[in-house]
Amino acid sequence: MKLLLKSLILSLALTTTPLFAGDATPDAAIAMKLADVREVANAGPFEAKWDSLADYEIPEWYKDAKFGIFIHWGMYSVPGFGNEWYPREMYRQENSRRGIYEHHQEKYGANFGYKDFIPMFKAENFDPDAWAQLFKDAGARYVVPVAEHHDGFPMYNSDYTHWDAAEMGPKRDIISDLSKSIRAAGLHFGVSSHRAEHWWFYGGGRELPNADVNDDSYRSLYGPARDQDESETGVTIPDQAFLDDWLLRSAELVDKFEPDLIWFDWWIASPPFSAHLQTFSSYYYNRGKTFPNMVAINYKAFGGESFPDTAGVLDIERGGLADIRELLWQTDTSVSKNSWGYVSNHDYKTVNSLIDDLVDIVSKNGCMLLNIGPKPDGTIPQKEQDMLLEMGAWLMQNGEAIYGSRT
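Heads up: the sequence shown at position 264 corresponds to 264 in the working numbering, and the numbers run straight through without jumps.
It is possible that some hints are incorrect.
What the hints assert, rightly or not - 27 angstroms max Cα-Cα, derived DSSO-like pairs, lysine-lysine:
(1) K337 x K364
(2) K63 x K289
(3) K107 x K122
(4) K256 x K63
Stated by the list, open to error - What follows is a set of in silico ranges between Cβ atoms, one per label pair, in the way DEER data are often shown:
(5) E400 x A184: 22 to 30 angstroms
(6) K49 x R97: 34 to 42 angstroms
(7) E102 x K383: 22 to 30 angstroms
(8) Q93 x Q240: 25 to 33 angstroms
(9) S363 x D309: 14 to 22 angstroms
(10) G186 x V359: 18 to 26 angstroms
Read the hints as simulated data drawn from the structure, not as lab findings.
C-beta: ideal position from N, C-alpha, C; glycine also.
Generate the whole structure from the sequences, applying the supplied hints.
As structure tokens, this is what we get:
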């Protein structure tokens, strides 16, 4: 069984030929890759079912880390207005939040689609080594950049679309470059995926007859663009093709970057993802047995079927717990109150409040994953750099009471 697992993992790791032809992945290639993923997922020691995944053990490095950096950086940083949901709200003529639709119409015009921001997203000043040093100086022990946000524009060289940062915009594999610099700095490297929400993210564009969302030429970027209906989840249930694509893109992150941690946004908790989520989790944990560090999955509890308590690490967005939790958990929050990605009018928190939060979280057996939002040119706003360095100075003096503490 172990030899079979190692053989399968090696064959997957050596598969570097992109699976797409243009922007359409051949059905045969999809079927073959899905079969490979499912075979590894059931090769052991884990199987693709919750009762097996419930035997997962949180790695020691994660229990000791306590403080990490989250990075929301993508094409949505170009308009720098509202928040990182700009690409959704710019197509929502009705009920657009934060005035984004009106702002977009006034500044860019009705014929300017999200794709038209790509040439403006250059990342010309991106220096991954400088980022890594800043995060280390901030006292972080792990770093989790967004590999793909709801907008469907991967920040790495994806085998499943040409619409990514390696082939357009920056023309650079941002996640690969970051992974090398972060690890060289001695920090743990993770990734986050918000791909699940892509099913409905551009749905507002369907209501605008002239929107580029409706042009099949851009389907690989804008995706299904389904929106709210009367189903229990509030949106149309994703079809098998989308769920398979989600599984393959998630496995791709494992194969390309061997991350120590994968953070998933909330919609994986919806029932349609359950079978695919079990397959992915088992795939990742089985692959993780061959990595330098054992791995972890962050999940959010939204009353769905996302994870049994012992199968992953609970993440609470912008929140906390009233009492100590026996199992490790995590808060993801941001230096800004009004946006995760870069905007020109941040309402920043105080460093003192962030340190108070960190102490409270750690005292209850948690970790803090603190988010920053770089500018489209690849620089981190000076205010955010200063905040991180101030936290680092505090941790330099008080870290003995933070790192490695256990309840």
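### Query
Does the Cβ distance between Q93 and Q240 fall inside 25 to 33 angstroms?
Holds: the Cβ-Cβ distance is about 31 angstroms, inside 25 to 33 angstroms.
### Message
Can you confirm whether the C-alpha distance between K63 and K289 stays at or below 27 angstroms?
### Response
Holds - the C-alpha atoms of K289 and K63 are around 18 angstroms apart, at most 27 angstroms.
### Hint consistency between K256 and K63 [alpha-carbon to alpha-carbon, up to 27 angstroms]
holds, 25 angstroms
### Query
Between S363 and D309, does the beta-carbon spacing fit 14 to 22 angstroms?
At roughly 20 angstroms between Cβ atoms, D309 and S363 fall inside 14 to 22 angstroms, so the hint holds.
### Supplied distance hint 34 to 42 angstroms, evaluated on CB atoms of K49 and R97
holds, 39 angstroms
### C-beta pair E400, A184: status relative to the range 22 to 30 angstroms that was hinted
holds, 26 angstroms
### Query
Quick one, are K337 and K364 close enough, alpha carbons at most 27 angstroms?
holds, 23 angstroms
### Query
Cβ-Cβ distance between G186 and V359: within 18 to 26 angstroms?
holds, 24 angstroms
### Query
Holds or violated: are the alpha carbons of K107 and K122 at most 27 angstroms from each other?
holds, 20 angstroms
### Message
I want to verify a distance hint. Is the separation of the beta carbons of E102 and K383 within 22 to 30 angstroms?
### Response
For K383 against E102, whose Cβ atoms are near 27 angstroms apart, the range 22 to 30 angstroms holds.
Hint violations for this structure: none, all hints satisfied.
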